[in-house]
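Trainee: Work the whole structure out from these sequences, hints included.
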Amino acid sequence: DTGVSQNPRHKITKRGQNVTFRCDPISEHNRLYWYRQTLGQGPEFLTYFQNEAQLEKSRLLSDRFSAERPKGSFSTLEIQRTEQGDSAMYLCASRGGAGTNEQFFGPGTRLTVL
Amino acid sequence: RKEVEQDPGPFNVPEGATVAFNCTYSNSASQSFFWYRQDCRKEPKLLMSVYSSGNEDGRFTAQLNRASQYISLLIRDSKLSDSATYLCVEHTGGFKTIFGAGTRLFVKA
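Chains as they are written, first to last, in our numbering: chain A, 930 to 1043; chain B, 44 to 152.
Hint data in this document are derived by calculation from the structure and do not stem from the laboratory. Be aware that one or more of the hints could be misleading.
Calculated lysine-lysine pairs in the DSS-like style (CA-CA distance at most 27 Å, straight line) [claimed, not checked]:
id, chain 1, residue 1, chain 2, residue 2
1, B, 139, A, 1000
2, B, 88, B, 139
3, A, 986, B, 122
4, A, 986, B, 85
5, A, 940, B, 85
6, B, 85, A, 943
7, A, 986, B, 45
8, B, 139, A, 986
Remember, it's a predicted structure, so these values are computed and weren't measured experimentally.
Mentor: What follows is the structure in structure tokens.
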């Protein structure tokens, strides 16, 4: 499968725990996005990577959230001290180089914070 | 005010109907716009790009009106399989991508 993959697909955790999600983009794509989506809303932009550089981060993102893309390939999103309000679908998308606009989304990781 | 606003619907239309969605955006400097489709419990997928000159792909037509800062999507001859949520998307001048909340469409037999 050459699409975007995300792991785990589901995560249930207790409030206060840390969680980490992984995204593997399409191999030749150098651009990677993280989004959060809640019921009845569109995806909300969290952060953007071009290769390994994090070039944009939403000001809505608290300091409990951190993302990395250490070698410009896969990316991780970590949420520390989870809160019930963090419950959502976390989507990753990748995009090719300049001149290509389409973002290809992974299936998402559904987080439930109890 | 939200950066990208859409009528949430739902739009309930019979098969064969023509339906139109509008979306407004607030950043006059934004360069690129798109419509994505999202099926229930699935990830969004690109439907089409939106250009000032208009863009047509089969039964789908997208249009950008920069003067009024709105984007439209027209679906002709609706099919049952068109039932989905349609997301209006704005690429700002930077690296941020802004999605609207989506418009739900139900096409019934």
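Trainee: Holds or violated: are the alpha carbons of residue 139 (chain B) and residue 986 (chain A) at most 27 Å from each other?
Mentor: Given that 27 Å is the threshold and the Cα spacing comes to 8 Å, the pair holds.
Trainee: Residue 986 (chain A) and residue 45 (chain B): Cα distance at most 27 Å?
Mentor: 18 Å, holds
Trainee: Could you grab the alpha-carbon distance between residue 986 (chain A) and residue 85 (chain B) and see if it respects the 27 Å cut-off?
Mentor: 25 Å, holds
Trainee: Can you confirm whether the C-alpha distance between residue 88 (chain B) and residue 139 (chain B) stays at or below 27 Å?
Mentor: 18 Å, holds
Trainee: Straight-line Cα separation of residue 85 (chain B) and residue 943 (chain A) no greater than 27 Å?
Mentor: This hinted pair holds, its Cα atoms lying about 26 Å apart.
Trainee: Measure nothing beyond the straight line between the CA atoms of residue 986 (chain A) and residue 122 (chain B); if it is 27 Å or shorter, mark the hint as holding.
Mentor: 39 Å, violated
Trainee: Does the alpha-carbon distance linking residue 940 (chain A) and residue 85 (chain B) stay inside the 27 Å limit?
Mentor: Roughly 17 Å between the alpha carbons, so the hint for residue 940 (chain A) and residue 85 (chain B) holds.
Trainee: Please work out if residue 139 (chain B) and residue 1000 (chain A) have their alpha carbons no farther apart than 27 Å.
Mentor: Measuring from Cα to Cα gives roughly 22 Å; hence the hint holds.
Taken one by one, the earlier hints fail for this structure only at number 3.
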